[in-house]
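Could you put together the complete structure from these sequences and hints?
Protein sequences appear in the order of chains B and H. Residues in the first sequence are numbered from 1 upward in steps of one, following the numbering used here. Residues in the second sequence are numbered from 1 upward in steps of one, following the numbering used here.
Since the hints were made in silico from the structure, they are not lab data. Heads up, some of the hints might be wrong.
[Said to hold, decoys possible] Mimicking EDC-like on lysine to aspartate or glutamate, the simulated pairs with C-alpha atoms at most 16 angstroms apart in a straight line are:
(1) H:K133 - B:E161
(2) H:K133 - B:E24
(3) H:K78 - H:E89
(4) B:K155 - H:E143
(5) H:K133 - H:D201
Just so it is clear, the structure is predicted and the values come from calculations on it, not from any experiment.
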Amino acid sequence: MARAGAASKRREGMHNAQELIVCEHCDSVYRRRPLARGEVADCTVCGAVLERHQWLGVEAQFALIVAAFIVFVIANVSPIVTLGLSGMTAATTLWGAVIAMWNDGAQVVAFLSAMTLFFFPLSQILIFGWVLWFARDGRRAPGFAQAMSTLVRVKPWSMIEVFMLGTLVAVVKAHTYFDVVPGPGIWAFGFLTLLVTLFSSHDPRQLWDITREARA
Amino acid sequence: MNAPPRASELGMMSCHVCRLVTAYTEDPHAHCPRCGNALHVRKRGSIARAWALLAAAAIFYIPANVFPIMRTQSLSSKDDNTILSGIAELWRAGSPGLAVIVFTASIIVPVLKFVIMGYLLVSVQRSSGFVAKQRARLYRFVELVGYWSMLDVFVVAILSALVHFKILSRVEPLPGVVYFGVVVVLTMLSAMSFDPRLIWDNRKSQ
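Below, the structure written as structure tokens:
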């Protein structure tokens, strides 16, 4: 039975899972227990989330990361919006916006945008994809520890969702004076936002529990 | 239900990066046996760092609001907008709903962050035991909404790239947007430097 198989697999995985969990916000210690689908364990002292049930398996997460990579490429090469003004048109991509800021004397903003909208999200996708690829067989990828630490550090600096909303505001602002045609880029960013939301309930640190060091 | 024990009472600590539970150590050079990152009971220099970054953000917040963030140029007119006047224009000419969102992201959220971070830092320094759970919740709120303030910065970036019709119509970024971007980054760094565990340490009254 697939169900029993999954359960025994989970038990096996729990061998090197920790028994205790410490709240990251107040240092309270709890004994860990397996969570049912949709369950969230909250700290009774400070109310922070201790851990959530991870409803996507490693295979599913890997598939979504591959999808995210493809959508990320589309989002970056195709125009986000096209403007029209008496016969002339102008379109931009994410990098068009970065370059425009750089050339117009706002290099700091260009740098921030490039990091938070391109380099950090891309490194998240590539690194997570890398560790998931090996985690499918329960193995730890080469450089696993560094990869996992980088994922934790980079996470707060990835701002795809904010850019998506910013695009909508810009479209509405431009709409007063120009003809606005949304490009494929805006859909790609919308889809990326969806994927980001899906992953936001997943803690990559669970991979520490379900993988083992390869015996050398 | 009894309150669960705290890690320090059990002689334990937890890695801030990978969450591995280890034996308590005060060795400043200790490293997590699992992920290799430095182990520490509380974030280092948490209060001083959070204050310094918050003060720097507050200073930059003034030019961010006083200086215009964006110039809209056309044949007949030249229009410089600050954050606030841009929101007012969006309210009148575009969409009041979006104006409310931008107002929340660009004005309310940064101001709330200054107030909440200041309050959290003062209350921790005074070892207050007052409404600890609510303060913990405030901290999580600041962490959650902080980066949405980048909204206006991205709007200016997109419009500057899009509206490039030679002399007919142009949008350019102005210095205000640079200051504002720096404010958002500094407040985010300040919130990250703050250690919420301090809220639960040495409380005078319970």
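How the hints compare with the structure:
no. : hint            : verdict
1   : H:K133 - B:E161 : 29 angstroms, violated
2   : H:K133 - B:E24  : 14 angstroms, holds
3   : H:K78 - H:E89   : 14 angstroms, holds
4   : B:K155 - H:E143 : 12 angstroms, holds
5   : H:K133 - H:D201 : 13 angstroms, holds
Hint check: a violation occurs at hint 1 only; the rest are consistent with the structure.
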